[in-house]
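2 protein chains.
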Amino acid sequence: MTTTADTASVSNGSANAMAGKAVVIGLNAAIVTVSDDQPRILVVPHGENEGASSWDALPFGPFDPTHHRTLEIGLRSWVREQTTLTLGYVEQLYTFGDRGRHAIEIQQSGEHVVSVGYLALTRSQGSELSGAAWRDWYDLFPWEDWRAGKPVIIDQLIVPLLREWAAHQSDATTDELTRGKRRDRMRLCFGVDGVAWDDEKVLERYELLYEAGLLAEAARDGRPNALAEDPHLGRPLQFDHRRIVATAMSRLRAKIKYRPVAFELMAPTFTLFELQRTVEALSGLHVHKQNFRRLVEKAGLVERTGRMSTLTGGRPAEQFRFRREVLNERPAPGLRLAPSKSRANR
Amino acid sequence: MTTTADTASVSNGSANAMAGKAVVIGLNAAIVTVSDDQPRILVVPHGENEGASSWDALPFGPFDPTHHRTLEIGLRSWVREQTTLTLGYVEQLYTFGDRGRHAIEIQQSGEHVVSVGYLALTRSQGSELSGAAWRDWYDLFPWEDWRAGKPVIIDQLIVPLLREWAAHQSDATTDELTRGKRRDRMRLCFGVDGVAWDDEKVLERYELLYEAGLLAEAARDGRPNALAEDPHLGRPLQFDHRRIVATAMSRLRAKIKYRPVAFELMAPTFTLFELQRTVEALSGLHVHKQNFRRLVEKAGLVERTGRMSTLTGGRPAEQFRFRREVLNERPAPGLRLAPSKSRANR
DNA sequence: GTAGATATGCTACACATGAGCATTAGGCAA
DNA sequence: TTGCCTAATGCTCATGTGTAGCATATCTAC
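Read top to bottom, the protein sequences are chains A and B.
Per our numbering, the first sequence runs over residues 141 to 486.
Per our numbering, the second sequence runs over residues 141 to 486.
Everything labelled a hint here was simulated from the structure, so no lab data went into it.
Check the hints yourself; a few may be wrong.
Note: identical chains are not told apart, hence a pair may lie in one copy or across any two.
[Claimed, not checked] Below 25 angstroms or equal to it, Euclidean Cα-Cα: the simulated SDA-like pairs (lysine to any residue) are: (1) Lys321 x Arg464; (2) Lys161 x Val230; (3) Lys438 x Ala336; (4) Lys290 x Lys395.
Let's have the full structure, built from the sequences with the hints guiding it.
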């Protein structure tokens, strides 16, 4: 397992001079489900003994190319092994190669790890997960849940702290230009000064808060502006795993709008309101009920089963099922949301 | 650089059993420009001596984590070295770890290579590129250019061949279900039977043609259904590089609709029609001129310079420039296209 | 039976989109 | 100088889509 001279066989022409150093590939799975109207992420306990290092981690493991033909096969294989879950929908997110900023513990081991993040969806199941546990998205990202209106944490904590960060002349590098850019990013990310909230900017918001030093991970990594004490926003994860979850949320929130992925999280049959709740949970937004129904039905995404639901109070709702044929009819069938301002029609 | 027992430090719990094998990471750049209304991709000659192996390759090189802090820095560094180009906009596309299907030549070397594909944009420049050359997208993907209407190759060659592939009972695995799925994919990918053409499905179409054995790469890789002789559709590239370009096209065609990336390809000032031509070149679609103007101006993406263009016949056009402030105003400023059916208003 | 809670159906309206017509302003040739 | 050609630019209008609210139906609980 050494990097030998025949590395040149994979490089072309002038690249020969640059020998490729071997690295280990880490596979990370952001496994998402929705239960009780809450989106959740699967974590495993991380067995570190140090002080603050009892943070959860994502299911995580190295890629062994001699055993698995593709990255995705490797991922599925050991997720099954670690958590007894057999994944259905799986999608690659991003490959992180940073050796500085994130995952300093890995860095210290002297090995070079490049980690590939994956998003996976699974129906909620109460089965045993051998140590793994579900965590609410919005425990990790309290500022992302707008279903009950703008989270108070934004105006109360985040925006003031970010304003301070943007205004502060901490060192020579924070000139007026930098400060202006910081203000702009804050406005755009958190919908200040009349800028609209964009539910898909989960990753941008996470990175902004990280750079501003407001996350526990920033303190852990020794970032220059990091606040040493609280407030640290949201529940941190080990390594750069919260960042991977943020990437997953961004991707998923974008994708439900043009692909019927939300159905991966539903039972085989469901009421339209249950579907709506799931979509709201993922997007963190509130949806106009009647319009949602119209949209879903007109788009041909569901079909009636004729059966009625054992209701939960109120008029019984009809059970629907996902209409798989829609995949063969339209190029981009999804649930483009109509986030509603008023919450009159919950 | 050996994989020692301390791999465990990057794995948790039950993953310890799986030691991570070290691999080499290859970085591939799909560098795109637009000149003379043609989108082009930068290729380097690939110095193989075998028969059909004189195919071009993408700029390509291994990642050396001891020299470069991030994957992207590594990419920029040797693209500069290989082609004298300094990249501006760079975006990661996808990480391919397949050991079977693609890039068999790498596979034969006995090394495990995981390749990370990148999309880069650059303004057209006529400078020397030390051996590198620009190739037209639509030489690689002749079926993707709908600017002058539906390419004849689709109805004349592609659809008949795909129909044959879908109908053919080549082996035991092609049961009726499989054949039905093949027909559905064909319909959806190539807009058969009234299905709308989706400009973003570049990758899906490429993969369909590959699986159907209609590409030279499929023959090279010894795919079961591959046609041994012509017709092979489009100009092939070395390894899985045409697939990476397809990924880049898909991403770029999607992204111009919600991010102002098209301006990365424009000169500092330009006429609206020049901008339209660039967008049309990328999307492969035809755009209604007046509506395009209205959209771009109303979206606040550009601002007037007052100067007029030294016209190219006809009334002089005003020069515009990109209005950078738009990035701080709206969450997702882009050029959502209005592809026009009729071509009366070219 | 009445109140409460949903499901479900329908309508009004603002605005975006798609397509075409009309006018303007230059070059160029008769 | 005039008229023609070409392309830029301005404007209109039908249609589609998104947004929100009102109204009615149908169940459970008390």
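Against the structure, the hints:
Taking the closest pair of Cα atoms, lysine 321 and arginine 464 come within 25 angstroms of each other only across two copies (12 angstroms); inside a single copy the shortest separation is 46 angstroms, beyond that limit. With identical chains, the CA atoms of lysine 161 and valine 230 are at most 25 angstroms apart between copies only, with a shortest distance of 23 angstroms across copies and 29 angstroms within one. Proximity of lysine 438 and alanine 336 under a CA criterion of 25 angstroms is satisfied inter-copy only: 17 angstroms between copies versus 28 angstroms inside one chain copy. In the homo-oligomer, the alpha carbons of lysine 290 and lysine 395 lie at most 25 angstroms apart inside one protomer (23 angstroms), although the nearest pairing across protomers, at 29 angstroms, exceeds that limit.
Violated hints: none; the structure is consistent with every hint.
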